[in-house]
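Peer 1: Top to bottom, those sequences are chains B and L.
Mind the numbering: the first sequence is residues 1213 to 1580 in the working numbering, read in order.
Mind the numbering: the second sequence is residues 132 to 404 in the working numbering, read in order.
Read the hints as simulated data drawn from the structure, not as lab findings.
Check each hint, because a few of them may be wrong.
[Stated by the list, open to error] Okay, the calculated bits of chain L under chain B, using three or more residues with CB under 8 angstroms as the criterion: (1) 191-197; (2) 206-214; (3) 320-331; (4) 338-350; (5) 372-383; (6) 394-400.
[As the list claims (entries may be wrong)] Cβ-Cβ distance ranges computed for the label pairs, FRET-style: (7) B/Ala-1231 - L/Asn-359: 32 to 42 angstroms; (8) B/Phe-1322 - L/Pro-230: 28 to 38 angstroms; (9) B/Leu-1358 - L/Val-140: 20 to 30 angstroms; (10) L/Leu-145 - B/Tyr-1495: 20 to 30 angstroms; (11) B/Arg-1483 - L/Glu-170: 49 to 59 angstroms; (12) L/Ile-293 - B/Leu-1358: 32 to 42 angstroms.
Think of the CB as a built atom: it goes at the ideal place given N, C-alpha and C, for glycine as much as any other residue.
So you can see what is in the structure, the chains are spelled out below.
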Amino acid sequence: MRSRREQLMAALTILPSIALLGIFVYGFIGNSIHMSTTDWGQEAAMSLTPNIQSVGMDNYRDLFTGFLNVRFRQDLVNMFFFTLLFVGLSLLIGLFLATLIDQLIWGETFFRTVFLYPMSLSMVVTGTIWRWILQPRGGINILPTLIGLPPGEFLWLSSRTQTLVFDWSHIFHYICLILLIAVAVSTYGQWRRRENKNLARKLVLCAVLMGIFLSGILTRIGLLNFPEAHGFNEALWGVVLAAVWQMSGYTMALYLAGLRTIPHELREAARVDGGSEFQIYRYVDLPLLKPITASAIVILGHIALKIFDLIFAIAGPDHYPTSMPAITMFLKTFRGNELAVGSGIGVILFLIVSLLIVPYLVVSFREE
Amino acid sequence: MKSRGILGVSAQILATLLAIVYLVPIYMTVVTSLKAPGEISLVSAWELPSSINWAGYVVAWERFAPNLRNSFVLAIGATLISAIMGSLNGYVLSKYRFPGAKIVMPLIVFGMFIPYQSVLVPLFRFMQKTGLYGGLPGLILVHVVYGLPITTLLFRSFYHEIPNELLDASSIDGAGFFGIFRYLILPLSGPPFLVVCIWQFTQIWNEFLFAVTLTRPSSQPITVALANLAGGQAVSWNLPMAGSVLAALPTTIIYVLLGRYFVRGLLAGALKG
């Protein structure tokens, strides 16, 4: 048992850190939220004692519906597709690399080192390198000519082509559709595993979402009174490629660590029962890797949602097709002096990332 | 599980091919950085230089030497301070109980996941008002504060492994709060310090957002200088490629020599890993 005096010393030791984090994290987030509801900007931005007025939710309304903020809305769409592709491909490739390395006869350390190496680089370095490799008439596109084929034509970063185009006015409709798909997939998985906990509740949720989607109620709550097309910018493929090159080694390292913790007895038992190597992988290894997949989705997801440096270096902050909310936040704040709007975008990013991080932290720390 | 036979051999071949694919960008970078500006063209991008030309490195070094110096001061300073503070925090949070301890740790760790855009405007104003804006001391402070969550988390999980009985024994021998830290905890902290310092150094060296928004040109770290150079289209490509090599060199050396510790930091940062 420690004495009262030591308890006091312990408390005093962590006090500075707690105070610093309290101010720099929670205090500043609170300040950002507050400032995002003001008209702080332009000439008031430079003054040390600015004269600012409260404008309520106007900045947010303007970001989501204002005619001039069309770029921010495309940023959100870019962020969505980039996150989906980057996380999905990093998981698949990382799992594949980990499985491959687990089978190797020799050189495991060498291959692990090579695949993980890009992660030790700065995103700025990665962006600079890939900006050169993805030149429309060079790099990857002329690789086929080395073996006598015609050069590739794909515009990795500069393409202006947009696919999966939808009307922003109906964004609620599409969010509802995405939720429906997510809930339906999880419900189906649960049903197949014959877990009946909450199954009925989920089915009802599915039915409600389906009803809303089919009845088109949300379509009539148009967000804008003009149609506005957004979609998947093909130029994002270049960014996805560079980001997956950088981070797939990370998922590989996570999965490899996971494969190494699976007890040999478990695999032996499956082998004795007549399981083939593939069956052991499918029914013993993969299910045990699920918690790692969850961690990796959270870590990679939060990196993807706030991506800034890679975009800045690979295509520059002024390139619309690959822009992201973090880029527009930077431009609005530091070039446009629109500090209130910049804070607002920061708060929106904070809320989106929190949706991912808070459940993860709650689960992780509850386990302790 | 080691495979023999056909499966093992085909895995070996496939891994070799993939390793080549992963190294292709590195090859392109080094090859381009060693070419004379006149020899660089999109069509011959994959070819080796006809003769090795160091001009890219000479110019990049002249241009980037002050930024590299800034990066070293920043990364070493912020790494050491955040590691020492993290070590003390980890000691307290793993070995002492106090009211609210359960909620403190998740609140601290949350700080490493937030998008820094959500604190950037108040941070920028704070730096201006305190006169810290623009220089390296201010940037060091920022990296120390936002580095505290990960350093505290890593040290805390390392110190959990030290049996409490050892601490009780030292207590009985008369060691106080700092005595236990100095004579029991610190001597056992070599590997965790290595893991934390390697992780922090790499992160801070590679960081860009704070660097580009909170420093004046004379204090800019290498990442900002490199991004500015590559953003200007007029330069010949051997220069940004040589700059990339210079910017990547310190973290590459650490990774190659001490990769084992880098991986440990990376796994511990994933909480459950």
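Peer 1: Enumerate the violated hints, using their earlier numbering and listing them in ascending order.
Peer 2: Checked against the structure, the hints that fail are numbers 1, 2, 3, 8 and 12, while the rest are satisfied.
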